[in-house]
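Colleague: Now for the letters of each chain:
Number of protein chains: 2
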Amino acid sequence: MITEQIALVSRPKGFPTLNNFKFEDIELPDIQADQVLLKGWYYSVDPYMRGRMNDTKSYSPPFQVNQPIEGGVIASVVESKSGHFKPGDVVLGMLPWRKDIIASEKDIHQVDIKIVPAGYYLGILGMTGLTAYFGIMHIGKPKATDTVVISGAAGAVGIVAGQIAKIQGCRVIGITGSDEKVKTLIEEFGFDGAINYKTEIDIQKAVAALCPNGVDIYFDNVGGEISDAVINNLNFYARVVLCGQISLYNTIEAPMGPRIQPMLLTRSVLMQGFIVSNFQSQFPEGISQLGKWVKAGKLRFTETIIHGFDQLPTALLELFKGKNTGKMIVEA
Amino acid sequence: MITEQIALVSRPKGFPTLNNFKFEDIELPDIQADQVLLKGWYYSVDPYMRGRMNDTKSYSPPFQVNQPIEGGVIASVVESKSGHFKPGDVVLGMLPWRKDIIASEKDIHQVDIKIVPAGYYLGILGMTGLTAYFGIMHIGKPKATDTVVISGAAGAVGIVAGQIAKIQGCRVIGITGSDEKVKTLIEEFGFDGAINYKTEIDIQKAVAALCPNGVDIYFDNVGGEISDAVINNLNFYARVVLCGQISLYNTIEAPMGPRIQPMLLTRSVLMQGFIVSNFQSQFPEGISQLGKWVKAGKLRFTETIIHGFDQLPTALLELFKGKNTGKMIVEA
Numbered sequence: 000m001i002t003e004q005i006a007l008v009s010r011p012k013g014f015p016t017l018n019n020f021k022f023e024d025i026e027l028p029d030i031q032a033d034q035v036l037l038k039g040w041y042y043s044v045d046p047y048m049r050g051r052m053n054d055t056k057s058y059s060p061p062f063q064v065n066q067p068i069e070g071g072v073i074a075s076v077v078e079s080k081s082g083h084f085k086p087g088d089v090v091l092g093m094l095p096w097r098k099d100i101i102a103s104e105k106d107i108h109q110v111d112i113k114i115v116p117a118g119y120y121l122g123i124l125g126m127t128g129l130t131a132y133f134g135i136m137h138i139g140k141p142k143a144t145d146t147v148v149i150s151g152a153a154g155a156v157g158i159v160a161g162q163i164a165k166i167q168g169c170r171v172i173g174i175t176g177s178d179e180k181v182k183t184l185i186e187e188f189g190f191d192g193a194i195n196y197k198t199e200i201d202i203q204k205a206v207a208a209l210c211p212n213g214v215d216i217y218f219d220n221v222g223g224e225i226s227d228a229v230i231n232n233l234n235f236y237a238r239v240v241l242c243g244q245i246s247l248y249n250t251i252e253a254p255m256g257p258r259i260q261p262m263l264l265t266r267s268v269l270m271q272g273f274i275v276s277n278f279q280s281q282f283p284e285g286i287s288q289l290g291k292w293v294k295a296g297k298l299r300f301t302e303t304i305i306h307g308f309d310q311l312p313t314a315l316l317e318l319f320k321g322k323n324t325g326k327m328i329v330e331a
Numbered sequence: 000m001i002t003e004q005i006a007l008v009s010r011p012k013g014f015p016t017l018n019n020f021k022f023e024d025i026e027l028p029d030i031q032a033d034q035v036l037l038k039g040w041y042y043s044v045d046p047y048m049r050g051r052m053n054d055t056k057s058y059s060p061p062f063q064v065n066q067p068i069e070g071g072v073i074a075s076v077v078e079s080k081s082g083h084f085k086p087g088d089v090v091l092g093m094l095p096w097r098k099d100i101i102a103s104e105k106d107i108h109q110v111d112i113k114i115v116p117a118g119y120y121l122g123i124l125g126m127t128g129l130t131a132y133f134g135i136m137h138i139g140k141p142k143a144t145d146t147v148v149i150s151g152a153a154g155a156v157g158i159v160a161g162q163i164a165k166i167q168g169c170r171v172i173g174i175t176g177s178d179e180k181v182k183t184l185i186e187e188f189g190f191d192g193a194i195n196y197k198t199e200i201d202i203q204k205a206v207a208a209l210c211p212n213g214v215d216i217y218f219d220n221v222g223g224e225i226s227d228a229v230i231n232n233l234n235f236y237a238r239v240v241l242c243g244q245i246s247l248y249n250t251i252e253a254p255m256g257p258r259i260q261p262m263l264l265t266r267s268v269l270m271q272g273f274i275v276s277n278f279q280s281q282f283p284e285g286i287s288q289l290g291k292w293v294k295a296g297k298l299r300f301t302e303t304i305i306h307g308f309d310q311l312p313t314a315l316l317e318l319f320k321g322k323n324t325g326k327m328i329v330e331a
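So the sequences go chain by chain: A and B.
For the first sequence, the residue numbers in numbering that gives the first Met the number 0 are 0 to 331.
For the second sequence, the residue numbers in numbering that gives the first Met the number 0 are 0 to 331.
Hints in this document: simulated from the structure, not taken from any laboratory.
All of these numbers come straight from a predicted model, not from anything done at the bench.
Cβ atoms here follow ideal geometry from the backbone N, Cα and C, with glycine treated the same way.
Hints should not be assumed to be uniformly reliable.
[To be verified] Each pair of labels, with its calculated beta carbon distance range:
id, chain 1, residue 1, chain 2, residue 2, range
1, A, 75, B, 200, 58 to 64 Å
2, B, 185, A, 253, 29 to 35 Å
3, B, 197, A, 207, 55 to 61 Å
4, B, 287, A, 207, 55 to 61 Å
5, B, 200, A, 186, 54 to 60 Å
Generate coordinates for the entire structure from the input sequences, incorporating the hints supplied.
Modeller: Next comes the structure, spelled out in C-alpha cells:
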C-alpha cells in the first residue's frame, strides 16, 4: 500500500524551517510474521527532537537524513500477524512519522484507553509525566520546606513538575514567556508565583523577590540567561535538575556564559543531567504514582492538540517558539 | 604575655599581596577555666583561604579585617585550666595565626603523634586526605573500569585523590603545571599519565589521547579552560567532583566560559560541589580507611614544609602560584 511519511531532508543550522522536512509517498510492503499494520492516531512532538536533528553524540541517536522523523506515537492496529495484538487494539511505540506504520510486536505495547484517554499515554502517564516525576522526586528530592523554581514552567514537563513539587508541600515559582502563561500557572496550576522572562527586566531580582528563602531545587528546561539568574539565587545544598536546555537547542556555536562551577562549589550544589530512560527500571513506580495523583484530581494536565498529520513539522517549529501550553500532540 | 599575630588588614582585589597582611604584637590575657595556652607548631596553608579573604557568602565565613587569619593548626599545650588537656599534649584545631594561642577546650582535640607524625593530621589524615577520600569515594563512586582525570593533580588533595582512584583499580590521568610534576605523578605516585597544561597546546586532544575510553570521573581542583577541555571528553553518566576552582579564585569579575549545561544534560552527567565538612558525620570512616592505606604503604603523601612563622603569608601566596607539591604546611 501507499502511505505518506515526513522525512528529514537536511540538518538545520540554527533554527529549523519547514525546508528541513519533506512529505513523500512511499510504498509499504505486506506485513510479515510478528508484525502489525498500524494507523497512526496521536503523534508526540517534543523538545528533545531538536537534538536528534543534529549529527552529534547525544542521549538519543540522530535522525537519519532522508529517513522519517521518529517519536512517540499512539496508533490503532489495523491488521496483525502477531499473536499479541488484534485489530482495534491501541498501542504505543517509538515509531516513524507515517500515516500507516508497520511495526514489530516487540517495539509496541498496548495501552488501556478505558482508564484514561489515549493521548495521556504520550503525556502525563508517558515520557512527559515520568520525566517530571523522576526529575523532581529522584534528583530534586524535595522537602516540604523547599522552594522550587521551574523554567519552561508552562511547557509539558514543567507544568507537571510544578504540580508534583506542590504535592510535596514546596513553594513553587515558575518562569515562562507570557503574562497569560503566568496567570495560568498561578490560577489554574497552583504555582505560588511566576515570572514572565520576556518582560521582566531583572530576572535575578525577580527570582529573589519571589523566593525570600532562596532556591533549593531548580528544575531547568531552558538554560541560558534565565538559568544564570536562578543559579545566583541557589541555597547551600541546592539541587539543579537539568531536564532541558531549549534556549540553546537552536544555537550553532557553543554559547558562552558566566562560569557556574564556583557557585556550585561554594554552595555545595548538585547538578544532574538526565533523560527519563535513565530511570527505565523504575517506570512502573512512576506510572503508578502519577496515575494515583491523576485519579485523585491532584495533577492537572494540559495538552495542545494540533489537528492534521500535515501539521507535524509546523507543530514542532511552534514548540521551539513556545507556542504550546503543556504537552503538544498532533492528532492525525 | 605578648605574642605575634598575622592579621588580614585589607581584602585583596584579584591576586593577594603581602600588603594584605600585617604582623603585629598583641597582649594575651591569662587563661580562664576550660582554656589552654598553646604554642603553635604546624600551620596549614590551604586554597580555600582565598575565598575567606573576600567578603562574600561561601562555605566558610569571611576572615575579618584587622583580625588574625584562621586555619588548621597543630599546637602543643603549654598551660592548661582544662580537665581534658595537660602540658605536652599535642592538639589540632581551627585556630588563629598567632605564635601563642589561647583556645577553649571545646575547639581543639588531641592527636596521637606516636602513630603518625603530627603534620599528617593537617594532611593525609586531616582535611586534605578526607577531602580526597569523600570526593572520590562518595561523589565519584569509582568502578574499576573507570577513567579518572584529576586537575591540580600535584596539589595536596589531587595527589591523594589520584592514589585513591588507583587503589580502586581506575585508570588515572593528572593535569598539572610543570614537566617535573608530570614526571613525579607518573613515577612516584603511579598515575597512568599526566599533562602539563602550561606547555600542552590542545588540552582537550591531550585528554582524549590519554583517555581512549573517555572520562568517567573528573575530580576538579582548578576550573576554567582546563575544565572545559576535560568536560568535552566526559562519558555518559560521568561524575564531576567539584573540589576547587583555584584558577578562578583570584578573578574579580565573574569569569565567562562555554555553557556546560547542554553537555551535562545530553550525557546525563552529575556535577557536585562539596566541602569536606558536608561529610562530617562520616569522618571516622574516612580517617580509618585512610589510616589503613597509609600503614599498608598504599598512599604516599608529599608535604611542602616551609619553616618560620613569618613565612606564612608568603607560603599562602606561593600556594596560589602553584609552587607547592602536595600539602603545604608552615612549621613555626
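Colleague: If I claimed the Cβ atoms of residue 287/B and residue 207/A lie 55 to 61 Å apart, would that claim hold in this structure?
Modeller: violated, 43 Å
Colleague: Quick check on a hinted range of 54 to 60 Å for residue 200/B and residue 186/A, using CB atoms only.
Modeller: holds, 58 Å
Colleague: At the C-beta level, are residue 185/B and residue 253/A separated by a distance inside 29 to 35 Å?
Modeller: For residue 253/A against residue 185/B, whose Cβ atoms are near 32 Å apart, the range 29 to 35 Å holds.
Colleague: With 58 to 64 Å as the target window, see if residue 75/A and residue 200/B comply at their CB atoms.
Modeller: holds, 60 Å
Colleague: Cβ-Cβ distance between residue 197/B and residue 207/A: within 55 to 61 Å?
Modeller: violated, 40 Å
Hints 3, 4 from the earlier list are contradicted by this structure; the remaining hints agree with it.
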